[in-house]
Amino acid sequence: MDLGSFLVQLLNAVQYGLLLFLIASGLTLVFGIMGVINLAHGSFYMIGAYLAWSLAGKIGSFWFALPVGVLLTVALGMLIEWLLIARLYARDHLYQVLLTYGLILAFEELRGMIWGNDVHGIPVPAPFTGSIPLTETLAYPVYRLWISAVVLALAVAMYLLIQRTRLGMMIRAGASNREMVQSLGINIRMLYRFVFAFGVALAAFAGMISAPVSSVFPGMGGQVLIVSFVVVVIGGIGSVKGALVAAILIGLVDTFGKVTTLELGGLRVLPDLAGMAMYLLMAGVLLWRPEGIFGKRL
Amino acid sequence: MRSDRAATVLLIVVLLALVALPAVAGKYYVQLATKILIMAVFAMSLDLLVGYAGLVSLGHAAFFGFGAYLVALAAPQYQAANFWTSLPLAVGGAALLAAAIGFFAVRTQGVYFIMVTLAFAQMVYYVFHDTKIAGGSDGIFIDVRPDTALFGWTPFDLANFVHLYFVVLAVFVAAYLVLRVVLASPFGRVVQGIRVNEHRMKSLGFPTFRYKLVAFTIAGAVAGLAGYFGAVQYGAVNPEMLGWHLSGSVLMMVILGGMGTLAGAVIGAAAFLLLELVFQGLSEHWQLLMGTTIVLVALFLPNGIAGLAWPLQRGRSG
Numbered sequence: 001m002d003l004g005s006f007l008v009q010l011l012n013a014v015q016y017g018l019l020l021f022l023i024a025s026g027l028t029l030v031f032g033i034m035g036v037i038n039l040a041h042g043s044f045y046m047i048g049a050y051l052a053w054s055l056a057g058k059i060g061s062f063w064f065a066l067p068v069g070v071l072l073t074v075a076l077g078m079l080i081e082w083l084l085i086a087r088l089y090a091r092d093h094l095y096q097v098l099l100t101y102g103l104i105l106a107f108e109e110l111r112g113m114i115w116g117n118d119v120h121g122i123p124v125p126a127p128f129t130g131s132i133p134l135t136e137t138l139a140y141p142v143y144r145l146w147i148s149a150v151v152l153a154l155a156v157a158m159y160l161l162i163q164r165t166r167l168g169m170m171i172r173a174g175a176s177n178r179e180m181v182q183s184l185g186i187n188i189r190m191l192y193r194f195v196f197a198f199g200v201a202l203a204a205f206a207g208m209i210s211a212p213v214s215s216v217f218p219g220m221g222g223q224v225l226i227v228s229f230v231v232v233v234i235g236g237i238g239s240v241k242g243a244l245v246a247a248i249l250i251g252l253v254d255t256f257g258k259v260t261t262l263e264l265g266g267l268r269v270l271p272d273l274a275g276m277a278m279y280l281l282m283a284g285v286l287l288w289r290p291e292g293i294f295g296k297r298l
Numbered sequence: 001m002r003s004d005r006a007a008t009v010l011l012i013v014v015l016l017a018l019v020a021l022p023a024v025a026g027k028y029y030v031q032l033a034t035k036i037l038i039m040a041v042f043a044m045s046l047d048l049l050v051g052y053a054g055l056v057s058l059g060h061a062a063f064f065g066f067g068a069y070l071v072a073l074a075a076p077q078y079q080a081a082n083f084w085t086s087l088p089l090a091v092g093g094a095a096l097l098a099a100a101i102g103f104f105a106v107r108t109q110g111v112y113f114i115m116v117t118l119a120f121a122q123m124v125y126y127v128f129h130d131t132k133i134a135g136g137s138d139g140i141f142i143d144v145r146p147d148t149a150l151f152g153w154t155p156f157d158l159a160n161f162v163h164l165y166f167v168v169l170a171v172f173v174a175a176y177l178v179l180r181v182v183l184a185s186p187f188g189r190v191v192q193g194i195r196v197n198e199h200r201m202k203s204l205g206f207p208t209f210r211y212k213l214v215a216f217t218i219a220g221a222v223a224g225l226a227g228y229f230g231a232v233q234y235g236a237v238n239p240e241m242l243g244w245h246l247s248g249s250v251l252m253m254v255i256l257g258g259m260g261t262l263a264g265a266v267i268g269a270a271a272f273l274l275l276e277l278v279f280q281g282l283s284e285h286w287q288l289l290m291g292t293t294i295v296l297v298a299l300f301l302p303n304g305i306a307g308l309a310w311p312l313q314r315g316r317s318g
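Sequences listed follow chains D and P, in order. All letters in the first sequence, in the order written, are residues 1 to 298 by the numbering used here. All letters in the second sequence, in the order written, are residues 1 to 318 by the numbering used here.
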């Protein structure tokens, strides 16, 4: 592999990793703060992508579709927390798994009823349609760079929100002791509703901005969910920093696994089994630190 | 204890009805009952983990599907597999896979365990889905059902739906009895102790990691057994038999019936498959009805169908 294509793959790996981080951070926040495991997280990613496709078609602009889509998914997240999730805080994780699994089936069917079962593509929105030349023969699409920049900006904003603001302070306090925060006069129910809706919006936003580079298709949420689980397990559940490190790690392992050729004893190992690489990474981390790289000791 | 005795009596009545079924019901119902019994074995194996060991696995379909795939892989192309060698192969293979996955997964607890089992099961799914070892995403047709000839004598024919039904019924009863024996053994007591308080069991000197790993392996083996007959009945294997939708469905069966009772898993399997049929008859959007039902069960029926009846009895006897 020459330097130019290496650079392209590296950028691809980082972009994929950052996108994974965006999805996984919502999952890990909702678990870390509220103690809720949300299997339907991948469905929200799918809903985001379909919203971007249908709103962009109706409004005529991807850039107007984005904020409208985010507002809609925040509302959806609040509704689901209020109607369903709020009833399960005191219960075993088993019931959260079951309820959110039921939501996956329902969302998948509703998606088919509303938007159909076709695969769609969204054109890359202006002004990011061009490419930056890296070498004489290789160029890199600007839109992918924009995705990386947006996710990095969001990561910084999230850090500041949680570590430096009054709201972040309440959230962190709520994560460590729900009753205590409540008795101090803070509306913990609204706080949780906000956090859940925020997690939903993160997943949906990731679906929206990735729609122009990957297509919009049924079942797109399932795969994303499982990869985000692997990210969360490797990074340590509840740790946003861990999610960032693990997501970039998986981006690198997955991308380079797919473009490397490796033979062992006459058998082609890579890229044929590249899809397994991240699971092996997870297995290794589980042996070394079962609580994840940045997780709290169990 | 009285609820246990009531359950046993009920089970014997149901068993007698099941034995008589092919004499009174048509092919469709016998085949449906076969499918329910296979899923009941699968659900009981998961109940051992979820209901007794406190290990919520969301990747249990991996072992069911692996057992199913081994039927197809054990057969030479266009020929029948040997029943007497392929069955132990499928059960043993599923047990080995469960031991390998369990070796990593059982180190974790709670919500980690849920995610890790799901992820590893999905890895198995992708191995079968993405590589050419077993037909890729299309799977493999099982052209000829496994051959049951034993030294020139053929005790039953798996291509005959009544024969298959009785074989599956026997397997179901055997699986139920084996799990009951396992649960009543000192091993089973320790596993149930781990669910209640793992730290206590550890401080009593039990190597809980090994106990959980063995429980996970037994559950995997029984799931593989169910998968074997699932493949024989369906006549084909495909990656969906390993997929997480099946893992979710079987978890739903266990909770719908009432976990930690074995009989509940059986009731749950039957109720789930019948609900699926009813919904499919009602609307083409039956997945929406199923999803809504699952949400409602999670909210309002945490102890399942069995939980509706048994707490009342316990109240009377206590």
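I should point out that these hints are in silico values taken from the structure, not numbers from a laboratory. Remember, it's a predicted structure, so these values are computed and weren't measured experimentally. Note that beta-carbon positions come from the ideal geometry of N, C-alpha and C, so glycine has one too. You may find that some hints are simply not true.
What the hints assert, rightly or not - Listing some non-contacts, in silico: residues in chain P with all C-beta distances to chain D over 10 angstroms:
{"hint": "1", "residue": "104"}
{"hint": "2", "residue": "105"}
{"hint": "3", "residue": "112"}
{"hint": "4", "residue": "126"}
{"hint": "5", "residue": "205"}
What the hints assert, rightly or not - To give an idea of the chain P side of the interface with chain D (calculated C-beta under 8 angstroms), a few residues:
{"hint": "6", "residue": "56"}
{"hint": "7", "residue": "58"}
{"hint": "8", "residue": "294"}
{"hint": "9", "residue": "301"}
{"hint": "10", "residue": "305"}
Going through the hints against the structure:
1. The beta carbon of residue 104(P) is not kept farther than 10 angstroms from every beta carbon of chain D, the shortest such distance being approximately 5 angstroms.
2. Separation of residue 105(P) from chain D is inadequate, the least Cβ-Cβ distance of about 8 angstroms not exceeding the 10 angstroms criterion.
3. With a least CB separation of 6 angstroms from chain D, residue 112(P) falls inside the 10 angstroms interface cut-off, contrary to its annotation.
4. In this structure residue 126(P) is not separated from chain D by more than 10 angstroms, as the shortest Cβ-Cβ distance comes to only about 5 angstroms.
5. Distance check on residue 205(P): its Cβ is at least 20 angstroms (rounded) from any Cβ of chain D, clearing the 10 angstroms threshold; non-interface status holds.
6. Checking residue 56(P) against chain D: minimum C-beta separation of about 5 angstroms stays under 8 angstroms; hint holds.
7. The closest approach between the C-beta of residue 58(P) and any C-beta of chain D is roughly 6 angstroms, which is under the 8 angstroms cut-off, so the hint is satisfied.
8. Below 8 angstroms, beta-carbon pairs count as interface contacts, and residue 294(P) has one with chain D at about 3 angstroms; its hint therefore holds.
9. At a threshold of 8 angstroms, the smallest CB-CB gap from residue 301(P) to chain D is about 10 angstroms, leaving the interface hint violated.
10. For residue 305(P), the interface hint is violated, the least distance from its beta-carbon to any beta-carbon of chain D being 14 angstroms, above 8 angstroms.
The structure fails hints 1, 2, 3, 4, 9, 10 (numbered hints given earlier, in ascending order).
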